[in-house]
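Visitor: Residue numbers (this note's numbering), protein chains in the order written: chain L, 29 to 214; chain F, 29 to 214.
Each hint should be verified, as a subset may be incorrect.
As the list makes no split between identical chains, a pair holds if one copy fits it or if it spans any two.
[Said to hold, decoys possible] With a cut-off of at most 27 Å between alpha-carbon atoms, the simulated DSSO-like pairs for lysine-lysine come out as follows:
hint : residue 1 : residue 2
1    : LYS101    : LYS58
2    : LYS206    : LYS79
3    : LYS118    : LYS206
4    : LYS101    : LYS206
5    : LYS101    : LYS143
Since the hints were derived computationally from the structure, they do not count as laboratory data. Predicted model, so just to flag it, every value in this text is computed and none were measured.
There are 2 protein chains.
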Amino acid sequence: MIKFVTSNEHKYRELNSIFSAHDIEIEWVKMKYEEIQADTTEEISLDSCRKLQSVIEGAFFMEDTGLYISPLKGFPGPYSSYVNSTIGNKGILSLLGVDRRAHFQTVISLSYGRKVYQFSSTLRGTISTEERGENGFGFDPVFIPEGEGFTLAEMDPERKNTISHRRKAAEKLIDFIKTRNELNNE
Amino acid sequence: MIKFVTSNEHKYRELNSIFSAHDIEIEWVKMKYEEIQADTTEEISLDSCRKLQSVIEGAFFMEDTGLYISPLKGFPGPYSSYVNSTIGNKGILSLLGVDRRAHFQTVISLSYGRKVYQFSSTLRGTISTEERGENGFGFDPVFIPEGEGFTLAEMDPERKNTISHRRKAAEKLIDFIKTRNELNNE
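Chain L extracted, bound-state conformation (with noise of 0.2 Å):
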């Protein structure tokens, strides 16, 4: 059993429905962690991660994922969540012309044996130029991955974890957890 920390339901949904295909259960410990300010993902989740090992016993993983806009410099990159809460999606529509190039990146930390791995994948896409489409959360009604016509939320879940960021870092710590027997059964 390995612990996902996260406050968001959405996010555990989706994750757990990965890992359940691959007979892997995940423990929900859901909670609130500090976050810092810094300019990539990595390193606020590799600082928040370090700072939980101190909290939580045994192995665990925390996910995050940030949209960045090419033509907005990156935005909203590691501020993501509190971007989608205030401004949300039509604000990112306003703030675009021609040049919707985007990408979601996402960024798993598993501390594992005092240490922390990282796993990360990207998807590429475009900023649609409406809000279209009712499932999944956050940016997903705005972004239309590289060589589809939907945006993430007109998808259905099952076609979204196909090519999803999210499931393929998840992809990664899952084969990293099956070559590792204690953590597998733990």
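The hints should help you fit chain F onto chain L, whose structure is shown.
Guide: Quick look at chain F alone, frame taken from chain L:
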């Protein structure tokens, strides 16, 4: 002598001129420090101040200013500096419609005798419909203080210092310093 910790030369100059007018010398400690992500500037500043107490000897203070835009649920608030360096003033302008109410808030945290004292001040106003003026920094070109016809960046520094949130918070700190002889003459 009291230390002022900031990596921002604009802030140092603006505050130094205010302190000089009261014959108080401040020493510029030019460094970046860790800031957490939190909803209020008070909380972020308090946390940073406590962490710096183990690094900096003697009395020191730090200053944080955020722009809180009412129709955007307070955005960019605690992340004003990040938002200014990414989407900038043009981004702010494109986010707004008819309701343009906003306020600046400055929070100064003073570490003195291992305690932390906070002094804050607010300047109410509106966001202009275009960038105007060359003075100041940050969001000054798009902020019109209540009762004024000009943006902060259109005012000369003396005029800005007369009405500014930063000056008012600094004067609260100066009043405090004047009641503590050992701080004043240290």
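Visitor: For each hint, tell me whether it holds in the structure or not.
Guide: Taking the hints in turn, this is what the structure says about them:
Taking the shortest Cα distances, LYS101 and LYS58 sit within 27 Å of each other only across copies (26 Å), while inside one copy they are farther apart (32 Å). With identical chains, the CA atoms of LYS206 and LYS79 are at most 27 Å apart within one copy only, with a shortest distance of 26 Å there and 39 Å across copies. Taking the closest pair of Cα atoms, LYS118 and LYS206 never come within 27 Å of each other, the shortest separation being 42 Å inside a single copy and 49 Å across copies. In this homomeric assembly, LYS101 and LYS206 never come within 27 Å of each other (Cα to Cα): the closest approach is 38 Å inside a single copy and 44 Å across copies.
In the homo-oligomer, the alpha carbons of LYS101 and LYS143 never lie at most 27 Å apart, since the shortest distance is 32 Å inside one protomer and 39 Å across protomers.
Comparing the model with each earlier hint shows violations of hints 3, 4, 5; every other hint is respected.
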